[in-house]
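Colleague: Residue numbers (this note's numbering), protein chains in the order written: chain X, -1 to 275; chain P, -1 to 275.
Just so you know, the hints here were simulated from the structure itself, not pulled from any lab data. Treat the numbers as computed from the prediction; the structure is a model and nothing was measured. Check the hints yourself; a few may be wrong.
Copies of the same chain are indistinguishable here, so a pair counts whether it falls within one copy or spans any two.
[Claimed, not checked] Within a straight-line C-alpha distance of at most 30 angstroms, the following computed DSSO-like cross-link-like pairs (lysine-lysine) qualify: (1) K162 - K244; (2) K162 - K119; (3) K236 - K204; (4) K204 - K136.
Protein chains: 2
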Amino acid sequence: MVINYSLPKLFYSAMFAPMTGTNKNTLKPDTHSIPQPVIVLVNPQMGENIGATARAMLNCGLCHLRIVNPRDGWPNERAEAMSSGALDLMPPVQIYPTVADAIADCHTIYATTARPRDLVKPVLNPRHAAKNITETIKSGQKTAILFGAERAGLTNDEIAFAHKIISIPLNPGFSSLNLGQSVLLVAYEWSQQAFEAPEEHLPTGKSQPATAAEFNNFFNRLNEELTKSRFYRVDEMKDIISRNIKSLFQRANLTDQEISTLHGILTALTRQKNNNE
Amino acid sequence: MVINYSLPKLFYSAMFAPMTGTNKNTLKPDTHSIPQPVIVLVNPQMGENIGATARAMLNCGLCHLRIVNPRDGWPNERAEAMSSGALDLMPPVQIYPTVADAIADCHTIYATTARPRDLVKPVLNPRHAAKNITETIKSGQKTAILFGAERAGLTNDEIAFAHKIISIPLNPGFSSLNLGQSVLLVAYEWSQQAFEAPEEHLPTGKSQPATAAEFNNFFNRLNEELTKSRFYRVDEMKDIISRNIKSLFQRANLTDQEISTLHGILTALTRQKNNNE
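Work out the full structure: start from the sequences and follow the hints.
Modeller: Structure below.
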């Protein structure tokens, strides 16, 4: 079964806190089958950064990781630990001795780098690169994104393998990103391009947006109560003030449940008033 | 002196590798003076995550960090170490006992959360939120973005302080982000909204794009050499093949320097041929 990731509701699961459970069975085949770029880490040093890379990739729906010449060999316990389970959910990481080997089956190569150096290659920001990668993949090409080692990034010789350069615009006074963060931002832009999510929505749970009739019924009742309680002291101002109050409640985009709550509030407040009188 | 961050060239310093030097003198006043949202960490536990938050913030040009009730007190050595110097470059972190205190001077509050829970509030993705925040700030309002504790995120009571919710759409099968990564993605979207960077450009260093005359001069020379060396075996095909070769070189968007190089290649190859003859 292939889940249609273009359904916004399905994909729109946004997280700032750990999920209680990750469903390996539904995730595995689906994430793997989405056409996507390959991520290539070139000469990475610390296992922690490889693990963080895997986690960031899978957060964004990428799962094909290749590593050129990892300093501490492979597999790597620290990478496993830092990946928070991502490495177990992804297809096995593939290890290569050289960049040329790692990208041999790919058609379009992107190199991530801080500065374009002396090479004349198109430099794309991550958002534009994500569009470009998505279009390239749609045309049937296999794409790879190269990330360099922690200290110095990709060498000029490594960058020379690439057709295009991806460069993240950041604060020029403080722009050092670690490897996992770099992968996260590039993968995030890809995911935002590849999957649809609504810009804004108003989830109302079990309740529904109130109908105009429900809204006006409440507002008219409020207005009558206000008139009865001599809230409108100056007759000439009544219409203006009344419209402003109506506007205030309109702006809240009330649900049917909230209209009921407001009726309850009105009942409670007028009951109290009657008791006081 | 206020540097104009809307100049793409100035801001377009993109990093995948550590910078060799961070200039405190030029950074400090400029980053601080840019109108920006305040980041509020609510009950954070680990100093490492506070440090990673500060680093991610400053990467993206944000520098106002407030913390509600940090578990391990403040200042925190682990936060210092993990911030890679960001905490030293930012104004002092402000500590508050409650969310209400931390946001007292702000007009519009955004809460980051995985799920909108039962509260009926507009839910924005980070990109739309970044636009919304930028517009809100332009209208003169002070804004704050709340991030919850590592384990469970913001509580419903904490979210209730917010006008709007920010939710990051991620892989529903593997969506756990750590605190620093969440802050990075939200801050990154803000920076992409606040600062301009070209989608794509072709840096050519000291050389210039070749003029049409330079290009045609080279191509005509190539074509003559090919004709002389009987490359075009079938006369009827000559025009088609010639146009295809021209197209190949056109597509490369050659610089004047590269045209010179190609002339050199042509000279070398024809000299060799002459010697062989």
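Colleague: So, for every hint listed, does it hold in this structure?
Modeller: Comparing the hints with the structure gives:
For the homomeric pair K162 and K244, the shortest alpha-carbon distance between copies (22 angstroms) is at most 30 angstroms, but the shortest distance inside one copy (56 angstroms) is not. Taking the closest pair of Cα atoms, K162 and K119 come within 30 angstroms of each other only inside a single copy of the chain (6 angstroms); across copies the shortest separation is 42 angstroms, beyond that limit. In the homo-oligomer, the alpha carbons of K236 and K204 never lie at most 30 angstroms apart, since the shortest distance is 36 angstroms inside one protomer and 72 angstroms across protomers. For the identical chains of this complex, K204 and K136 are neighbours neither inside a copy (39 angstroms) nor across copies (36 angstroms), given an alpha-carbon limit of 30 angstroms.
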